[in-house]
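Student: As a plain string of letters, each chain reads:
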Amino acid sequence: MNKTVNQKAWFLVLPVLVLVAFSAIIPLMTVVNYSVQDSFGNNEFFWAGLEWFEEMLESERMWAALWRQLAFSAIILAIEIPLGIFVALNMPKSGFWASFCLVLMSLPLLIPWNVVGTIWQIFGRVDIGLLGYTLDAIGIDYNYTQNFYAAWATVIVMDVWHWTSLVALLAYAGLQSIPDAYYQAAKIDQASRWAVFRYIELPKMAGVLMIAILLRFMDSFMIYTEPFVVTGGGPGNSTTFLSIDLVKMALGQFDLGPAAAFSIMYFLVILLISWVFYTVMTNMDKRDGA
Amino acid sequence: MLDWMAWTWPTAAFFLVIASLLVTMTVLAIRFPETPRQGVLGIETTRGDRLFITLLGSAFINLAWLGLTDLPQWWALGLCAIYAAAVFRWV
Numbered sequence: 002m003n004k005t006v007n008q009k010a011w012f013l014v015l016p017v018l019v020l021v022a023f024s025a026i027i028p029l030m031t032v033v034n035y036s037v038q039d040s041f042g043n044n045e046f047f048w049a050g051l052e053w054f055e056e057m058l059e060s061e062r063m064w065a066a067l068w069r070q071l072a073f074s075a076i077i078l079a080i081e082i083p084l085g086i087f088v089a090l091n092m093p094k095s096g097f098w099a100s101f102c103l104v105l106m107s108l109p110l111l112i113p114w115n116v117v118g119t120i121w122q123i124f125g126r127v128d129i130g131l132l133g134y135t136l137d138a139i140g141i142d143y144n145y146t147q148n149f150y151a152a153w154a155t156v157i158v159m160d161v162w163h164w165t166s167l168v169a170l171l172a173y174a175g176l177q178s179i180p181d182a183y184y185q186a187a188k189i190d191q192a193s194r195w196a197v198f199r200y201i202e203l204p205k206m207a208g209v210l211m212i213a214i215l216l217r218f219m220d221s222f223m224i225y226t227e228p229f230v231v232t233g234g235g236p237g238n239s240t241t242f243l244s245i246d247l248v249k250m251a252l253g254q255f256d257l258g259p260a261a262a263f264s265i266m267y268f269l270v271i272l273l274i275s276w277v278f279y280t281v282m283t284n285m286d287k288r289d290g291a
Numbered sequence: 889m890l891d892w893m894a895w896t897w898p899t900a901a902f903f904l905v906i907a908s909l910l911v912t913m914t915v916l917a918i919r920f921p922e923t924p925r926q927g928v929l930g931i932e933t934t935r936g937d938r939l940f941i942t943l944l945g946s947a948f949i950n951l952a953w954l955g956l957t958d959l960p961q962w963w964a965l966g967l968c969a970i971y972a973a974a975v976f977r978w979v
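Residue numbers (my numbering), protein chains in the order written: chain B, 2 to 291; chain X, 889 to 979.
If we strip away everything but chain B, and leave its shape as in the complex, we get (with noise of 0.2 Å):
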């Protein structure tokens, strides 16, 4: 049979291309543009090779900043994919719970960035805070504008907050599609509550959760407005991530060429991990498909 070969449908992605082109690619030009030049403003720019990358790699402060924010990503995830696993497991499967269930779970991920940082902002103040205030009741010394490990967790605290409620929804999503017949086998084997979890709910939820892990690893990899509206990137450096210090650099202190040097670095990390996840996942899913 002779298959009709038509190509037109590409003119259908056109207008996208045309707006990545905009939003994306021309921006992206631009930034490595100004890697290798200095700029005292007024759009005068001049050469200066590869040095921004030299100074940028090595910078301590970039370097702390990076290593900031793979622990701040590395724990986050630690607690909201199990967390989140946790929770689909245990919401209700039908009826009208699981709708109340999935409306509830859905609300914090409504809640915009900078009202979230102002929600935690107010409620961890020692003087009107219900979570400050509390704690400093029962003697915890929490101040997270001063204290080290106070600013950490609440800044931790308050991503699992926002975030859990995803992988939670994504692992119930899993779980929905995993067939009766497969729970009745396990049964009939009788087997063991954490067998059945091993066995056919992880692997069932797997593709999800990968897509869970993705999002949450660039979300929190490039995490700006919350930590910045809570602490401000304080006390002194420690919760300044890679954006925060990028923003100061480029338009705190207007020095265009380093931070374009370092968004380019910060880029390129980026998609160096995108890349792996998104390896691994479709790899994944071939493989079950086989």
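Just so you know, these hints were derived from the structure itself, not from any lab. Even glycine gets a Cβ: it sits at the ideal position worked out from N, Cα and C. Heads up, a few of these hints could be off.
Claimed, not checked - Label-pair ranges, simulated between beta-carbon atoms:
#	chain 1	residue 1	chain 2	residue 2	range
1	B	274	X	973	33 to 41 Å
2	B	270	X	892	42 to 50 Å
3	X	925	B	12	26 to 34 Å
As the list claims (entries may be wrong) - A few chain X positions that, by computed beta-carbon distances, are all more than 10 Å from chain B:
#	residue
4	893
5	895
6	899
7	925
8	931
9	942
10	944
11	961
12	963
13	969
14	971
15	977
Starting from the known structure of chain B, fit chain X onto it as the hints suggest.
Tutor: Chain X alone, transformed into the frame defined by chain B:
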């Protein structure tokens, strides 16, 4: 019109090279369709995937060269060429 983008010849050449690589790959893909193959990484790759791995790896090779050695940057480009050949042969 493009003043605000602060173009320089080296960066323009850099993007032109990448653009021409992409065009070449597209033309090759249309002219000589291929099936993905499995290489040393254990993942299925097409020519486009191998180009992506080459470019991303080359970026890191160049950064490592810049950060770790004081030798001329051009040598890193030579290393990237060897890396590219290896990726296209074995990955």
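Student: Give a verdict on every hint.
Tutor: Quick rundown of the hints versus the structure:
1. For residue 274 (chain B) and residue 973 (chain X), the Cβ-Cβ distance of about 26 Å falls outside the hinted range of 33 to 41 Å, so the restraint is violated.
2. Distance hint check: the CB atoms of residue 270 (chain B) and residue 892 (chain X) are about 27 Å apart, inconsistent with the given range 42 to 50 Å.
3. The beta-carbon spacing between residue 925 (chain X) and residue 12 (chain B), approximately 31 Å, falls within the hinted interval of 26 to 34 Å.
4. The beta carbon of residue 893 (chain X) sits about 5 Å from the closest Cβ of chain B, which is not more than 10 Å, so the claim that it is off the interface is violated.
5. With 10 Å as the threshold on Cβ separation, the claim that residue 895 (chain X) sits away from chain B is violated: the shortest Cβ distance comes to roughly 6 Å.
6. Not every CB of chain B lies more than 10 Å from the CB of residue 899 (chain X), the least distance being 5 Å, so the non-interface label is violated.
7. Interface exclusion of residue 925 (chain X) from chain B stands, the closest Cβ pair being 14 Å apart, more than 10 Å.
8. With a least CB separation of 5 Å from chain B, residue 931 (chain X) falls inside the 10 Å interface cut-off, contrary to its annotation.
9. With a least CB separation of 13 Å from chain B, residue 942 (chain X) remains clear of the 10 Å interface cut-off, as annotated.
10. A Cβ of chain B approaches the Cβ of residue 944 (chain X) within 10 Å, the least distance being about 6 Å, so the stated non-interface status is violated.
11. With 10 Å as the threshold on Cβ separation, the claim that residue 961 (chain X) sits away from chain B is violated: the shortest Cβ distance comes to roughly 6 Å.
12. No beta-carbon of chain B is positioned within 10 Å of the beta-carbon of residue 963 (chain X); the least distance is around 13 Å.
13. Separation of residue 969 (chain X) from chain B is adequate, the least Cβ-Cβ distance of about 19 Å exceeding the 10 Å criterion.
14. Listed as a non-interface residue, residue 971 (chain X) keeps its Cβ farther than 10 Å from every Cβ of chain B; the least gap is roughly 15 Å.
15. Every Cβ of chain B is farther than 10 Å from the Cβ of residue 977 (chain X); the closest lies at roughly 19 Å, confirming the non-interface assignment.
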